[in-house]
Amino acid sequence: MPGLTGQNNYNEVEQMRLLIIGSGGVGQSTAMIIKHAGKEGEWAEKVVVSDYNFERADHVTRLCDDPRFVAEKVDARDAKSITALIKKHDIDFVMNAVEPSFNENIFDTCFECGVRYMDCAMTLSKRHPEKPFELAHIKLGDYQFAKHEEWEKAGNMAIVGSGVEPGMADVFARFAAKHLFDTVDEVNVRDGDNYDIPGHEGVAFGFSIWTTIEECLNPPVVWEKDRGWFCTEPFSEPEIFSFPGGIGDVEVINVEHEEVLLVPRVIDCNRVTFKFGVPEEMRTLLLNLQQCGMDDAERKIKVGDSEITPRDFLVKVVPDPLELAPKMIGKGCAGTWVTGTKDGMRRSVYLYQVADNQECYKKYGTNSVVAQTAFSPVIMLELVDKGIWDLKGVHGPESFDPDPFIERMAKYGFPGGMQEKDSEYSEMLNQKRLMSEKK
Amino acid sequence: MTYKKKILILGVGAQGSTVAKFMDKEDTVAEIICADYDEKAVNYLVDKLEKGRGTLVDANNTDSIARAAEGVDLVVNALPAQFGFNVFDAAIKAKTNYQDFTAPDIPGTDWVKNIKKMYTEIGPRFKAVDRTALISTGSAPGLINIAARDAMRYLDSCETIYMLVYEGVKAKRFLPFWWSVETAYTDMVDDAYCFEDGEIIVTEPFSRPVYEKFKHVDEEIKLIEHAHDEPVIMGINADKYFRGAKNIYFKYGGTGVEFAETLYKMGMLSREPVEVDGCKVVPLNLAIKLTPPAPKYREEIQEIIEEGLESDTGAMVIKAFGEKDGEKVLVETYVDAPGLVDSFERSGLTAEMYLTGQGGALFTKMFADDKIDQKGLISSDMMTMEQVDYYLQHAAKLDITLDTEVKKI
Chain A
1 MPGLTGQNNY
11 NEVEQMRLLI
21 IGSGGVGQST
31 AMIIKHAGKE
41 GEWAEKVVVS
51 DYNFERADHV
61 TRLCDDPRFV
71 AEKVDARDAK
81 SITALIKKHD
91 IDFVMNAVEP
101 SFNENIFDTC
111 FECGVRYMDC
121 AMTLSKRHPE
131 KPFELAHIKL
141 GDYQFAKHEE
151 WEKAGNMAIV
161 GSGVEPGMAD
171 VFARFAAKHL
181 FDTVDEVNVR
191 DGDNYDIPGH
201 EGVAFGFSIW
211 TTIEECLNPP
221 VVWEKDRGWF
231 CTEPFSEPEI
241 FSFPGGIGDV
251 EVINVEHEEV
261 LLVPRVIDCN
271 RVTFKFGVPE
281 EMRTLLLNLQ
291 QCGMDDAERK
301 IKVGDSEITP
311 RDFLVKVVPD
321 PLELAPKMIG
331 KGCAGTWVTG
341 TKDGMRRSVY
351 LYQVADNQEC
361 YKKYGTNSVV
371 AQTAFSPVIM
381 LELVDKGIWD
391 LKGVHGPESF
401 DPDPFIERMA
411 KYGFPGGMQE
421 KDSEYSEMLN
431 QKRLMSEKK
Chain B
1 MTYKKKILIL
11 GVGAQGSTVA
21 KFMDKEDTVA
31 EIICADYDEK
41 AVNYLVDKLE
51 KGRGTLVDAN
61 NTDSIARAAE
71 GVDLVVNALP
81 AQFGFNVFDA
91 AIKAKTNYQD
101 FTAPDIPGTD
111 WVKNIKKMYT
121 EIGPRFKAVD
131 RTALISTGSA
141 PGLINIAARD
151 AMRYLDSCET
161 IYMLVYEGVK
171 AKRFLPFWWS
181 VETAYTDMVD
191 DAYCFEDGEI
201 IVTEPFSRPV
211 YEKFKHVDEE
221 IKLIEHAHDE
231 PVIMGINADK
241 YFRGAKNIYF
251 KYGGTGVEFA
261 ETLYKMGMLS
271 REPVEVDGCK
281 VVPLNLAIKL
291 TPPAPKYREE
301 IQEIIEEGLE
311 SDTGAMVIKA
321 FGEKDGEKVL
331 VETYVDAPGL
341 VDSFERSGLT
351 AEMYLTGQGG
361 ALFTKMFADD
371 KIDQKGLISS
381 DMMTMEQVDY
391 YLQHAAKLDI
401 TLDTEVKKI
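If you read the protein sequences in the order shown, they are chains A and B.
Quick note on my numbering: the first sequence kicks off at 1 and runs consecutively.
Quick note on my numbering: the second sequence kicks off at 1 and runs consecutively.
In short, the hints are calculated from the structure, not lab data.
Some hints could be false.
Pair ranges (Cβ atoms, derived) [as the list claims (entries may be wrong)]:
no., chain 1, residue 1, chain 2, residue 2, range
1, A, 196, B, 409, 52 to 60 Å
2, A, 359, B, 403, 56 to 64 Å
3, A, 413, B, 82, 32 to 40 Å
4, B, 199, A, 320, 46 to 54 Å
5, A, 183, B, 218, 43 to 51 Å
6, B, 211, A, 132, 20 to 28 Å
Computed far set for chain A versus chain B, every beta-carbon distance over 10 Å [said to hold, decoys possible]:
no., residue
7, 102
8, 268
9, 310
10, 316
11, 430
Think about it this way: if two alpha-carbon atoms lie no more than 35 Å apart in a straight line, the pair counts; the simulated DSBU-like pairs of lysine-lysine are [unchecked claim]:
no., chain 1, residue 1, chain 2, residue 2
12, A, 302, B, 265
13, A, 316, B, 408
14, B, 172, A, 300
15, B, 222, A, 327
16, B, 213, A, 316
17, A, 302, A, 46
18, B, 222, B, 407
19, B, 296, A, 300
20, A, 300, B, 40
21, B, 213, A, 302
22, A, 327, A, 178
23, B, 289, A, 300
24, A, 131, B, 170
25, B, 113, A, 300
26, B, 407, A, 300
27, A, 316, B, 407
28, A, 392, A, 432
29, A, 126, B, 222
30, B, 213, B, 407
31, A, 126, B, 265
32, B, 6, B, 170
All C-beta atoms in this analysis are idealised placements derived from N, C-alpha and C, irrespective of residue type, glycine included.
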């Protein structure tokens, strides 16, 4: 039974007793992917799916139809509520699948309870008060990394930024550095899709509305070896990136994302960026929301007799991504484009994972964006449970050995791929290929 | 010598104030009574007028309006649309003429039925007291109806009329609307109406887009269905005044429309309350609360202009398709009018206020000049060609002109 000492209270030998906080798209997908893994997912002895909305959690456990999956109500803002569930179910690992505004509370509660912690998005940033589009201020994950030593001393583990991006993208960066390059120049995470919802007239968010607003409207952060972290204007530096999987060319733009904060901590390189394909219409919408303060997640607004925070209200009003999932067609690609040198030649490689929305919906009942986000933490949970990934303190996914992760991607239904992009090295490979065909 | 008129201006907002100031300069006017529930606003306006005096009215109370209207020649109703029928009753009771800028809109009632009721029930009552009610007399409706009537000169028969309005003034700061935010949003989310195949039909907000490349505007503009009087009143009058037109549409586009459409599609303009943490909030109310209001005062407008404008453009266009001398033709009429900077320099007003106010004031002038001789209730699209000419002749003095081109199709 976990105590409340801050010390490691979990048994590293037993199967995992997992608490998922949040049963939205990512929480549901996580549970469904564990369930779908069959025998391979038996490392999870118990999975408590919790949500502020109990009915939603209950719905997920019913979909899983497995006695290991239990539904509970939780208030992610309330440490006591989380602690009570940890105690009740003898939890040894907490996966945080709610909006990152709850991160600090969940992260600290896990530390207090001595249970391991994982999230898909790190604690939030705060923009620079004077030069928000030039200087980085409080960065994503600063709150968590500031507590690394405490966690390390307590013998506990927190894996932060463990979804697909951040998460798989970070593993890819480490994999590239380990196997594909002698020196790494740039690590550029690139995400694009060709999603469409035929006949849908309204606004469609493929991912948490709260998080989409946060990511897209915050000043994007870029890292360079000589400058460190710095910020730019939202939607800056547009570029056309050609995605595999039949998606093709998509215009991508800078967005604030964890990989830029995580990768340079571990991988020796010169530049790290994150760019995402945000359609023009969505950019306009997000800017419009910002212009009139509807993106505000802090200020309370009095409307009639009620006081509300505009962004929380938007989340309630805008159609839930889960509702639109059945209608959405197309594919999404997440991946990491790495450049550098290999055997004295310039090399450029894109490591990626492509997911088809309709396939994901049939399998997991959620859209491919959240399903992609969920499969990575599931692999990581297995690796942690089996002791393959085992570091004390607060870490991003690039801190661990990437190989066992890559090996398991296909097993969980999300196979990865690698595209050799034009470079000196690819020319050499092409020449070799031609010669080998001749033989 | 023309008998000098006494005019009651009900409501001293942007529209009422503009009409009052315009009529203050007219020789045919003896007195302008400015009435509102807001004493400060009344005094502010009266101070600016030579012929003005103020009074307070409660627009919810017909007797209060009728008392203010006693002995006047014309009541100009510049109040919000929900007071329309109260003012009709008061004007009939006071046996005075009546003018308004938009059809009454009473929440929870059938808008089209209300409009029809004006022609069939209110009209005969004005006729019975030998007075005239002239409705829908701003810029759109109002000036645009005059332009549509004028276009009929070039046709023997008419099939389809499009009225296209594009608001293209863009400030540096975020300012989606140049008039009341509340009115803008409710106009945009209310059911719109068009006249199609000879019937008035309901259309979805933001539906049936058309794309138009206006002269003087670089990009192609998307215009959508918008709740407005014109297709309804002109539809009712199509046979007599619009050469038997079968289809009449009002389409609207611009920065505010694009912005409102995104909110609408997100559900943020819904009137259905949404519960958040035990509180029920109407999304539309939050949208109204957060959207910056249109500038009203001279200093505010000046500040916006001084910040620099991203664009100072717009368009009001009639496209009437029909036949002339056995050939199919398109009559395309542009209403040319001052933009924001020009309007401000002339009058201290925004382009929106200028066009609506001056467009409406020209109808008031026609009353004062004894140019309205019909009795009963008429709408601005029921002007005779002589009245259209008179209107346009005086509009030209304000640099509001029509530019018409007839194209064979």
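Cross-check of the supplied hints:
| no. | hint | result |
| --- | --- | --- |
| 1 | A:196 to B:409: 52 to 60 Å | violated, 36 Å |
| 2 | A:359 to B:403: 56 to 64 Å | holds, 58 Å |
| 3 | A:413 to B:82: 32 to 40 Å | violated, 59 Å |
| 4 | B:199 to A:320: 46 to 54 Å | violated, 39 Å |
| 5 | A:183 to B:218: 43 to 51 Å | holds, 49 Å |
| 6 | B:211 to A:132: 20 to 28 Å | violated, 37 Å |
| 7 | 102 | holds, 15 Å |
| 8 | 268 | holds, 44 Å |
| 9 | 310 | violated, 7 Å |
| 10 | 316 | violated, 5 Å |
| 11 | 430 | holds, 45 Å |
| 12 | A:302 to B:265 | holds, 23 Å |
| 13 | A:316 to B:408 | violated, 53 Å |
| 14 | B:172 to A:300 | holds, 27 Å |
| 15 | B:222 to A:327 | holds, 27 Å |
| 16 | B:213 to A:316 | violated, 38 Å |
| 17 | A:302 to A:46 | violated, 43 Å |
| 18 | B:222 to B:407 | holds, 23 Å |
| 19 | B:296 to A:300 | holds, 27 Å |
| 20 | A:300 to B:40 | holds, 32 Å |
| 21 | B:213 to A:302 | violated, 42 Å |
| 22 | A:327 to A:178 | violated, 40 Å |
| 23 | B:289 to A:300 | holds, 12 Å |
| 24 | A:131 to B:170 | holds, 26 Å |
| 25 | B:113 to A:300 | violated, 42 Å |
| 26 | B:407 to A:300 | violated, 57 Å |
| 27 | A:316 to B:407 | violated, 52 Å |
| 28 | A:392 to A:432 | violated, 44 Å |
| 29 | A:126 to B:222 | violated, 38 Å |
| 30 | B:213 to B:407 | holds, 16 Å |
| 31 | A:126 to B:265 | holds, 30 Å |
| 32 | B:6 to B:170 | violated, 39 Å |
The structure fails hints 1, 3, 4, 6, 9, 10, 13, 16, 17, 21, 22, 25, 26, 27, 28, 29 and 32 (numbered hints given earlier, in ascending order).
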